[in-house]
Amino acid sequence: MSKIDRREFLKRSGALLAAGSLPLTLVDVAFGKASTDDFTFAYISDSHLTHLKGKQFVRNWDRGLIRAVAEANLMDPRPDFFFYGGDIAQLGKPEEIDHGLEILGALRGNVHYVMGEHDYYLDLGEHWRKRLGPDHYSFDHKGVHFVVLNSIKTFDDWTYNKWPSAAERMHQMARLDNPQGSPFMVGDKQRAWLKDDLDKVSKDTPLVVMSHSPLQKIYKGWNFWTDDAEQIQALLKPFRKVNVLYGHVHQIQTNQIGNISFNAAMATSWPWPYPATYKQQASYMPKLTVNMNRADPFFERDATGWQFINMHTGRVDVNYRLPGNQNRVVAWDDKAGHPDDTQFQDAADRIPPQTHY
Amino acid sequence: MIKNLSLAIALTGATMSLHAAPLGLPPVPIPADNPQTPEKIALGNKLFHEKRISADGKVSCSTCHEESMGFTDHKRVSEGFNKQHGTRNAPTVINSAYMQTLFLDGREPDLEGQSTQPPVNPVEGGLPDHEAELKIIRADPDYVKAFKAVFGVDREHITMKEVSKAIASFERTVVAGDSPFDRYYYGGEKDAMNAAQVRGLKVFLEQGRCVSCHRIEQTQALFMDNRFHNIGIGFKRIRGKEAETAAAFLKSKHGGADVDHTVLTNENMSEVGRFAVTENLTQVGAFKTSTLRNVELTQPYMHDGSLKTLKDVVDFYNNGGRLKDTDPVSPFLSGGIRPLDLSDEQKQDLVAFLKALTSPSMAKLASKKGGNTP
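Going down the list, the sequences are from chains R and C. Numbering follows our numbering, in which position 353 of the first sequence is assigned residue number 353; successive positions increment by one, without gaps. If you want our numbering, it's the position in the second sequence, counting the first as 1, plus 1000.
Think of the hints as simulated: they come from the structure by calculation, not from any bench. Possibly wrong hints are sitting among the right ones.
[To be verified] Label pairs and their calculated CB-CB ranges:
id	chain 1	residue 1	chain 2	residue 2	range
1	C	Asp-1327	R	Asn-110	23 to 33 angstroms
2	C	Lys-1083	R	Pro-94	52 to 62 angstroms
3	C	Ala-1132	R	Gln-326	37 to 47 angstroms
4	R	Asp-199	C	Pro-1328	45 to 55 angstroms
Glycine included, each C-beta is placed from N, C-alpha and C at the ideal position.
Starting from the given sequences, assemble the full structure and let the hints guide the process.
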């Protein structure tokens, strides 16, 4: 039995942990212009609420979202606003979206929403837009320009002509490793909108781009993929500080491509394994990613969670809150020029994974 | 006091030597800087029962950790000096030697640290500070002699370090295994448990999901996991006020308030649980998993003592962390807690199994001192 020594105990339970768990901005480097303030927002994603019948929903997924909302509401000081990263629903049903919005209605603050494919492919986002408004938009907050994209569209032929029913289309898009699947994309029209939107923004203004799928190519078989990622990255390239935050992958991922930092959100529902563990096909897992350890299936919330983002000097620090597990912080490292896991980035500091037989 | 001294020796002799552990338990971890000696254990035993270390001279460690009651007090929440009440049910001392954190929120790392707090808590011992506690000890020539013999310190050099080491040494002798379960599971005695208890073990391991936190290992079983979980207890008290309560707690803590005092004197703030120590948003309402060994002797149950019987506890878990299956579920509920759909027979078997975890040494103490075995 390993006993924690007293110093280590106090370290773990006292000030250091507190600093890691509270939305305080610890790094306060003077920024060129006095145009950005440091601030915090919370980010919840991928709840996959699943309707059974009548008023019944799958308990496990409900509990995940309810818990994330309750924990996010404890933040003190409160976040400036909340983001929901997509996939409120599992099969795009209005019941599922309404049920999710009822739970999310308990959040004490303003919520911005991102469209996920599970919200979209039944009615092509009609009910979602009816409840929440446009699926791509931008706004400014304390000197940072936020852009929200609907990144989960695909080829028109697949969407409009291939399937006998809307429900069948939804089911097909909900599958992994689906030979009949189709890659996600932002598409020409939205990219033109994005170009127009960004043309009005100074290149010194920090950007935060929110999408459901990663605006980078990781693994096509699971749609950890956006087909026109390079074209979007080209539009973001002229800006000094760009942060892309995405859901969909249900796992911690970290990457840096040129000036663009990428961070993924944890899901409140379930974790996916890393595509790198799926050997049959190539994947492009970002090298910066520090993998999550395998989940304990007894604790339904293990390897799920939510996050809050500290924005400082236009950069993003992602504070992952992981129930029943050790919280993690992936923060911008100014010297390295990319985000790093503040505790586990060095291979020697990682918790060894279990051996699988 | 002589009777108590003989208890320590009896416990030491009967249920553990310094190296061999009772059936079903691993060796007792002994800190390198606090080795066990018979003299130190005897001194710790005397201090454990010392009523003078309290504001009214009536409260000792054993007031709330009474050996005839499975080292608890059979009260919903503990009663300190002047009949004041705390907020939490007294956890047993039995097998606390194996705990990686002490107190129900784990706010102390070891037994040494644990024993320093109650005497100076305003609703427990009620002494103003540790100096007052040391003054009482230093004034007693027997203690002075014993501290000199055990630690080699003179009267004026007796500090809380020596006091807490002695008490911890005694507590490390309060170890009990060798229950019918141990004899059945580890000792190969197939008739050590009755048929209902054997069926109950199956429920414990399978549909009841108990074993995931109350662990049974291949060679030993502590029936705890040294982790913290929100299982829904106490949720009603702060329902809808969680954020305010957590914020008020942090404000008070960061303003210099003592966590030990706050959580034992403020019923709402007590319910923030492990969050009080770590300030981790995912640990609101999480409390340490209690061991189930000798649980038959330690009623009432749960961190707030709100459940009277083992049947109540089993019903509570069967309803997915609720008294009734129509009650609301805590939003902070652990992902391990969910409705179990146990039949009445399965629930009865589970309770029967829990009674197979009673150690003969502890049952004997309970029957000797006035029959607290339910």
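Results of checking the hints against the structure:
{"no.": "1", "hint": "C/Asp-1327 to R/Asn-110: 23 to 33 angstroms", "verdict": "holds (32 angstroms)"}
{"no.": "2", "hint": "C/Lys-1083 to R/Pro-94: 52 to 62 angstroms", "verdict": "holds (59 angstroms)"}
{"no.": "3", "hint": "C/Ala-1132 to R/Gln-326: 37 to 47 angstroms", "verdict": "holds (40 angstroms)"}
{"no.": "4", "hint": "R/Asp-199 to C/Pro-1328: 45 to 55 angstroms", "verdict": "holds (51 angstroms)"}
Figure legend: structure checked against the earlier numbered hints; every hint is met.
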